[in-house]
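Using the sequences and the hints, build the whole thing.
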Amino acid sequence: MSPPLKYGLLAAVATSLWLLLAWALGLHTEHIGLGHLANYGAEVILIVALWRALHQQLHEANRYWLPVWQGLLRGLLTALVAAMGVYIFLSLYLQFINRDYPDLHLDWQVARMRAAGESEEQVRAVARAYRWSTGPVGLPVTIGGVYLLFAFIAAPLLTLWLNWRRKEPPRVG
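Using this note's numbering, the first residue of the sequence shown is number 1, and each one after it goes up by one.
The hints are simulated quantities; they were obtained by calculation from the structure and are not laboratory data. Among these hints, one or two may not hold up.
[Stated by the list, open to error] Across the chosen pairs, the derived CB separations fall in these ranges: (1) HIS36 to ILE153: 19 to 25 Å; (2) TRP164 to PRO136: 42 to 48 Å; (3) MET1 to LEU106: 34 to 40 Å; (4) LEU20 to GLY138: 29 to 35 Å; (5) VAL110 to GLY26: 19 to 25 Å; (6) GLY144 to VAL48: 16 to 22 Å; (7) TYR40 to ALA115: 19 to 25 Å.
We put the CB at the ideal spot given by N, CA and C, even for glycine.
So this is what it looks like as structure tokens:
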């Protein structure tokens, strides 16, 4: 199995399990404010998957450095596989497991915006954008866009960090 496929699938499964755990703990039903923060765990999972994929690419050929473009390509492929897996899970999650989550999250977000004194036009615009992003067209666009943008930023940074951390062995002779 190719590393982008392997680590992308691992990221998708880990993210799905993370979101199921958040649902089981009530973070997507009763404690939406904490659940909103718990959703950042998906980004941490993606960073770990990208790091492992790039680490494997750096060490599989006994290299001492990895070109940034190769790290970016592997990171984008890994994120694309992860985004497709997370999209499938979230489609099932929002359709069968927790149908009320979009409404609960939107109610929480609207209440928070109104308490902060946001204009009603701004509240309506955010509500429309949120409804679109959880709909049949917006969900894959949102997930794919976020994951690929995240990989586009994180993969080169992780590649540079891995290159910096990797040291050449001492030369003999």
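Going down the list of hints, with the structure as the test:
1. HIS36 to ILE153: 19 to 25 Å: This hint holds: roughly 22 Å between Cβ atoms.
2. TRP164 to PRO136: 42 to 48 Å: holds (43 Å)
3. MET1 to LEU106: 34 to 40 Å: Holds, at about 39 Å.
4. LEU20 to GLY138: 29 to 35 Å: Hint violated: Cβ distance 22 Å, outside 29 to 35 Å.
5. VAL110 to GLY26: 19 to 25 Å: holds (21 Å)
6. GLY144 to VAL48: 16 to 22 Å: Check passed, 20 Å falls within 16 to 22 Å.
7. TYR40 to ALA115: 19 to 25 Å: Check passed, 22 Å falls within 19 to 25 Å.
Hint 4 from the list above is the single one not met by this structure.
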